[in-house]
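Okay, here's what each chain looks like letter by letter:
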Amino acid sequence: MKKLILLSTILFAQLSYSAPAASPVDQGLNFYKQKNYRQAALLFYKVAYSSPASDKSKLAAKYYLGLTLNKMKLHQVASFPLVSAAQGNNLSVSTKSFEQIVKASDALDDKSLLYYSLKKTKVEDLAEIGKELFYNRLADMYLDDNNPDRAMAELAKVLALNPENEEALYLKGLSFIKKNDPSSAIVNYEKLYKRYQDKPATSVKKAEATMALARSHYNSKHWADAISLYREIPKDNDLYRQAQAELTWSLFRAAQFRSALSVVQSLNTPYYENFYNPEALVLRSLILLFICQVEDLEKSIQLFQKNYLSTLNVLNVWNGSNYSAIEHFKEVEQTLSQLKKIQDGNLPVFKGRLPFFVLRSILEEPDIKLKVSYLNKIKLEKRSLYVQFQGNPNFLKFGTKIIDARIKNISTEIGEMIKSQLQEKEVELSEFASQFEFINYEMLNLKKEQAKKKAIASSDAPVETNQVNKNDKREFYIQNGYQYYPFQGEFWRDEIGNYQYVGVNRCE
Amino acid sequence: MYQYLGQDMKQTIILFIIGCLSFNVLAQQAESTASEDQDIDVVEHLLEKDIKYDFKYKPTKKSILKTPQKADYKGIQSESSYADFAIIQRNFMPKSERFSVSLGGSLLPTDVYYRSFGLNLKLGYHFTETWGVELFNYSLSSSARSEVNDLENKQAVSVKNLVSLKSFYGANVYFTSIYGKTSVFNSKIVPFEIYQTLGVGKIVNQKGEESSAVQLGLGEIFSLGRSSGLRTDLTWAFYKTNNIQGQSQASNSLFLSVSYSLFFPEPIYR
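Those protein sequences? They're chains A and B, same order as listed.
Residue numbering for the first sequence follows this note's numbering, beginning at 131 and increasing consecutively.
Residue numbering for the second sequence follows this note's numbering, beginning at 4 and increasing consecutively.
No lab work stands behind these hints, which were simulated from the structure alone.
Beta carbons are placed, not taken as given, at the ideal position from N, Cα and C, and that holds for glycine.
Honestly, I wouldn't trust all of these hints.
To be verified - If we take Cβ atoms under 10 angstroms as the criterion, some of the chain B residues that face chain A in the derived model are:
| id | residue |
| --- | --- |
| 1 | 71 |
| 2 | 80 |
| 3 | 92 |
| 4 | 169 |
| 5 | 231 |
| 6 | 254 |
| 7 | 269 |
| 8 | 272 |
Take the sequences, apply the hints, and build the full model.
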C-alpha cells in the first residue's frame with residue numbers, strides 16, 4: 131500500500147511537471163498586468179523554451195517574454211526572443227515583435243538591431259511607437275548608407291506629420307550637406323537655430339544646432355557668418371574644442387591671420403595635450419610662415435617631429451603587425467580606464483602600447499562612440515539581470531548567454547573599427563608629415579633671406595619688436611570690462627580661448 | 004495485479020518508471036537549451052551579417068621608437084615671441100554698476116590690555132571696475148585681557164583704557180589698484196583684487212561721545228563666485244576724542260576685518 135502511494139505520488143508529480151498548466155501564458159499575462167514582471171518573465175520563458183507547448187504558444191510566449199523584459203529595462207535580453215518571435219509565421223505577433231525591437235534598439239542605441247527591424251516593419255502596422263520615430267530612424271539608416279535622397283523622402287513624411295520635429299529638421303539639413311547643397315542646409319538649420327535662441331547657453335541641442343549652421347555657412351564660404359556662429363559655442367560645451375578648430379580654419383580662409391593665430395594658440399596648450407590634433411599644428415605653422423615668424427615656426431616644426439613623427443612610427447609598426455580585433459579592443463579598454471581616471475581628477479598611468487591621445491581622439495568618432503556606449507549599456511544590463519533574477523539559474527544562464535555573445539561580438543566590432551581608424555590615421559599623419567617637409571623647406575628659405583637682410587642692414591640699427599597694441603594702456607581694457615595679462619610662457623586654464631596675437635607681420 | 008508481483012519485480016518496475024520520467028525531464032531540459040542556443044545563434048548571425056570590413060592598407064615595417072602618450076606643447080614658443088601674445092579676458096567677478104554688501108567681524112589688534120572686537124557692515128556701489136563708494140559701520144565692544152586682571156590682583160596696578168570705542172561709521176571712496184589671480188593647490192584659480200579706501204566718519208566712544216575721523220584702508224577681495232567674495236581689510240582711523248579723564252586726545256585705531264561680500268544684480272555676461 132505504501133509503495134502504491136509512493137508510486138502514485140511520483141507519477142502525479144511528473145505529470146504535473148510534464149503537462150503544461152492551464153494556459154500558463156494567461157497566467158503570465160496576469161502577472162504582467164499586476165506588474166509582477168519577474169514572475170511573468172519566468173513563466174513566459176518556461177513556455178517559450180522549456181515546456182512542450184505548441185509552436186503558436188511558444189511564439190506568443192517569446193513575444194510576451196520580450197515585452198516583459200523591455201519593461202524591466204533588460205532590452206538586450208528582450209531583443210533575442212523578440213527577433214525569434216518576429217521570424218515566426220504569425221503576422222500579428224511578428225508586427226508587434228518588430229515594434230518592441232525598435233523600442234529596445236532605440237534604448238540601447240544599437241543600429242544593427244534597429245536597421246534589421248526597420249527593414250521588416252511597415253509603418254501602417256505601427257501602434258505603440260510613433261510614426262515620426264520610425265521615419266526618422268529610417269532616414270538615419272539611409273543617411274548612413276549615403277543615400278540622402280531616400281532619407282529626405284522619409285523626412286518629408288515626418289515633417290508632413292509634424293513640421294516642428296527637431297530631429298527631422300536636423301537630419302534634413304544633414305541630407306542637404308551630403309547632397310552638396312549647403313544653401314538649402316542653411317535655410318533648414320536657421321529654423322532650428324532660431325527655435326533654440328531662448329534656451330540657456332548650456333543647452334546641448336542649442337550648441338549642436340549652432341555648429342550645424344556654422345558648418346553650413348563654412349561650406350558655402352560665408353566666412354563671417356561661420357566665424358560669428360562658432361564664437362557662440364560656450365567653453366563648457368563638449369563641442370568647444372571642435373568649434374575652435376573649425377573657427378581657426380574659418381578665420382584663415384577669411385585671411386584674418388592674427389585672429390586665427392589667437393584661436394589656434396588655445397589648441398596648442400597643455401590643456402589639450404591629451405587630444406590628437408596635428409592639423410592645428412599645421413595650420414599654426416602655415417600662418418607663422420605667412421607672417422615670416424621664423425623662430426616660432428622652427429619650434430612648431432620641432433614639436434611636430436617630436437610629437438607626431440614618433441606617433442607615425444608607432445602606428446606604422448602597430449598596423450604592420452596585423453594584430454587581431456581583440457588586441458585592438460584591449461587597447462581601447464586601457465584608454466577608457468585612463469580616460470575615466472582623468473575625468474575623476476586623478477593622474478593617468480599610461481600602460482597601453484598605442485598612443486593614448488590617438489586612441490582617445492578615435493573614440494570620439496560618432497560611430498565608435500555609439501558602439502562603446504552600447505557596450506557599456508549591455509554590461510550594465512548584465513549586472514541588472516543578476517540583481518533581478520537572483521535564484522533563477524536557468525533564466526540567468528539564458529540571459530547571460532545572450533549578453534556575453536553580444537559583448538564578444540561588439541568588442542570584436544569595436545576592435546575592427548579601431549583598426550580601420552588607426553590605418554586612416556597613419557595615412558593622414560603621413561600626409562601631414564609631407565606638408566611639414568614643405569613648410570620646413572620654406573622656413574629654411576625664409577631664414578636665409580632674413581639672415582641676408584640682417585647682414586646687409588646696419589649693425590647699429592635697433593631690433594624692433596612691435597606689437598599692435600603697444601600704445602594701449604591697461605586702463606583701456608579694464609574700463610571695457612576686461613583684464614589684460616601679458617603672456618609669460620605659463621598656461622592657465624581660465625585663459626583658454628582668451629589668447630590674442632598682438633604681434634605684427636615680420637615680412638615687412 | 005501489482006500485489007501478485009514478486010518483491011524484486013516491484014522494485015524493478017518502480018525504478019524503471021522513475022528512470023523513464025527522469026529521462027523525460029532531462030530530455031526536455033536539453034531541448035530547451037538547444038532551442039535557446041539556436042535562437043541566440045540565429046539572431047547573432049542576423050545582426051553580424053551586414054558588417055563589412057574593407058582594408059586596402061599595405062603597411063611597411065619599421066623599428067619602433069618610444070610611444071608618445073600625449074602631445075607635449077612645452078617650448079612651442081620662443082621667449083622672444085612671448086610679447087606677441089596677450090591674454091584679454093572678461094573679469095570673472097565684475098563690479099561695474101553693481102551694489103555690494105559685506106558683513107563680517109572686526110578686531111582692533113593694537114591694544115595690549117584690552118580686546119576690542121565687533122561686527123562690520125558695508126554697503127557699496129561700484130561705478131566702474133576701478134572706482135566705487137561705500138558706507139560702513141563698525142559696532143564694537145571691549146573687554147579686558149587677562150593681563151589686566153593679573154596686574155590688578157597681583158601688582159595692585161589698575162589699568163583703564165584711555166579710549167574705548169563703541170562704533171565707527173562713515174563713507175569711503177573705493178579704489179581698485181591691482182587685479183590678479185592665484186592658483187590654490189594647483190586645482191582652482193581664484194581671482195583677486197587689491198583696493199584702497201579713503202573716507203570720513205564718526206567715532207563714538209564708550210561714553211557715547213562722537214568725534215570726526217578720517218580713515219585710510221587697504222584690502223583684498225578674493226572672488227569665491229561671480230557674485231561673492233571674501234574680503235580682508237586693514238583700516239586706519241585717525242580721530243580726536245575725549246579720554247577717561249575728559250581730555251581731548253588725538254588717537255588712531257587699526258581695524259582688521261574679515262567679511263563676506265555679495266554683489267548684485269547678476270553680471271550681464273556669462
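Structure-based check of all given hints:
1. 71: holds, 5 angstroms
2. 80: holds, 6 angstroms
3. 92: holds, 4 angstroms
4. 169: violated, 39 angstroms
5. 231: violated, 17 angstroms
6. 254: violated, 38 angstroms
7. 269: Constraint on residue 269/B not satisfied, violated at 14 angstroms.
8. 272: Cβ of residue 272/B sits 8 angstroms from chain A, so the hint holds.
Violation of the numbered hints given earlier is confined to hints 4, 5, 6, 7; the remaining hints are satisfied by the structure.
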